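Peer 1: With chain A's structure known, arrange chain B on it following the hints.
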Amino acid sequence: MSDLEELYREIILDHYRSPRNRGELPSPPAHRVEGFNPLCGDEVVVTLEVDGGKLVDIKIGGTGCSISQSSASLMSGAVKGQPLEDVHRLIRTFKSMMSIHEASLGGENGTDDEDREAEAVDLDKLGELAALQGVVKFPVRIKCATLSWNALDQGLRELETAGS
Amino acid sequence: MEGARTPEHEHAPIDVEVLRKDFPLLARTVHDRPIVYLDSAATALQPRQVLAAMEQYYETTHSNVHRGVYATAEEATRLYELARTDIGRFIGAPDPAREIVFTKNATEALNLVAHSWGRTRLDAGDVVLLTEMEHHANIVPWLMLAEERGVQLRYLPVDDAGRLDLSGLDRALDGVKLVGISAMSNVLGTINPLAEIARAAHAAGALVVADGAQSVPHLPVDVVASEVDFLAFSAHKMFGPTGIGVLWARADLLAEMPPFLGGGGMILDVRTDRFLPADPPQRFEAGTPPIAEAVGLSAAVAYLEGIGMERLREHERDLTAYALGALADRLGDACRVFGPPAGDDRGGVISLAVRDVHPHDLAQVLDQFAVCVRPGHHCAKPLMRRLGVPATARASIGPYNDEHDIDVLIEGLVEAGRLFG
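Protein chains in written order, with our numbering: chain A, 1 to 164; chain B, 165 to 585.
To be clear, the hints were calculated from the coordinates, so they are not data collected in a lab. Treat the hints loosely; a few may be bogus.
Examples of chain A residues lying across from chain B (beta carbon under 8 angstroms, computed) [stated by the list, open to error]:
hint, residue
1, H31
2, D42
3, V45
Label pairs and their computed distance ranges (CB to CB) [to be verified]:
hint, chain 1, residue 1, chain 2, residue 2, range
4, B, T249, A, E34, 46 to 56 angstroms
5, B, G507, A, E128, 43 to 53 angstroms
6, A, T161, B, D287, 39 to 49 angstroms
Please read these numbers as outputs of a predicted model, since none were measured by experiment. Virtual Cβ for every residue (Gly too), placed ideally from N, Cα, C.
Just chain A, same shape as in the assembly:
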């Protein structure tokens, strides 16, 4: 059961049971993005407000499994109030935690551990989000974990395009 316990760490179950920043900001003025996981039908609604180069507020709506919901909840806590640069950096770091492992799932003889560490992710910077690293052992679930991050990424890009 150890893989399963690694996947469903207490912090993940906690954020699933009591999600943070739950709901929707009125939009407008907030920007609203929907994300779908066509495999399982999960939906996430991210509403965000950007002001003065900062992500001043974010709320998460929708339904989903413990992985998608806890990932969204943890994400909201990590990015709320942060400068956009840091948000972008965090999105990249989180996605690479997921994708490096995704790539290494391609074959038993893939990147060895040293290589992996070299290009990798500073887990310290991820803080509580590092709890989600157990997901990478369950390839099908990676899409659950990245659902809200992709929505946030898309939302920020839409705002930049609209603002430029």
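Peer 2: This is chain B only, laid out in the frame that chain A set:
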């Protein structure tokens, strides 16, 4: 045929322990536990008789069909056409040689009806009546016609017990040209009264296309008795190989339908500026068909006939009743089971929800018990919305499942409830 049971066993229950030995995949372990396969509604397992027939075909006979005059080419053609007769007999087709079209799968068979029959018979304003419990395969091809030609779609509602609400059927049939209906729901296990609906549809001047993907593998099916006009299904759900499906249609309908895909094998003559299509069923089978798969399908039919579909159905009905009872006993209110109670109109597809546990998480925990179930919307998103859930976890049974499999499933569900509770 190896695996065929003698007639005196016809009324004895299936000996699951003996039958399981025919399915090599059941011998494997997952996470060091024996596999518990409860996903036959997604795809069923293959008995070694099917695998052996395909291997023997490739080793001794493989050639292209309807082409060569040499011995193996003739044998391959004979085996391919024999598969048409075998599957036709299995579903009670009056004239298999003219009525059975081989496709890639049930989805392609339904698309064939939509493209070939639908495009020539349906115009703007014509109504296609579907049900809220249809698989996307029997919705999206019609939505595509709706977008392309302005065909209107209407849906028969599903009641709270998971059955079709037929109280407004006559009114719903007003102006309808075609009724598309699942013979057995891939989510609820509901077995629909095809003949009753077909009679009403015909009285209203409509044809009926039935999605038999779940019914053909698990119930005795007779196209004449069910009075449908088209029936679509896949081999891989009936213990045959992937890559081959079947459209059965009334010969007079096929005769009037234009080709679906163009290419070799579906023509009588081709000039630089025109072509003359072949007669059905070849008209609808462009390109090299799935020959080895047809041979495998024949073997699957022989295997199922050896068991006897009445016996198979009885086994699955009893096991479904056991499962529904055990789920209620062990999990009580914590587990919601969708679909009608056990009985004659309930097949072995069991969609469920466990309180506080998302279906995806449920399936993940069950995987640790080597239990294979499917989480998700089961390609039936309109039905999910009707049920008010984003997804369900679905356990579906086959002739190789027994009470032990259900007990392990429940053990996993209890663990998931504990983990998330």
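Peer 1: Could you say whether the range 46 to 56 angstroms given as a hint is met by the Cβ separation of T249(B) and E34(A)?
Peer 2: holds, 51 angstroms
Peer 1: Less than 8 angstroms between beta-carbons is the criterion; does H31(A) satisfy it with respect to chain B?
Peer 2: Check failed: Cβ of H31(A) comes no nearer than 24 angstroms to chain B, outside 8 angstroms.
Peer 1: Go through the hint on V45(A) and say holds or violated, using the shortest Cβ distance to chain B against 8 angstroms.
Peer 2: violated, 13 angstroms
Peer 1: Given the hint of 43 to 53 angstroms, is the C-beta distance from G507(B) to E128(A) inside that range or not?
Peer 2: holds, 50 angstroms
Peer 1: T161(A) and D287(B), beta-carbon distance inside 39 to 49 angstroms?
Peer 2: Roughly 42 angstroms apart at Cβ, these two residues keep to the hinted range, so it holds.
Peer 1: Taking the closest Cβ pair, is D42(A) under 8 angstroms from chain B?
Peer 2: Status holds, d = 6 angstroms.
Violated hints, listed in ascending order, are 1 and 3; each of the other numbered hints is respected by the structure.
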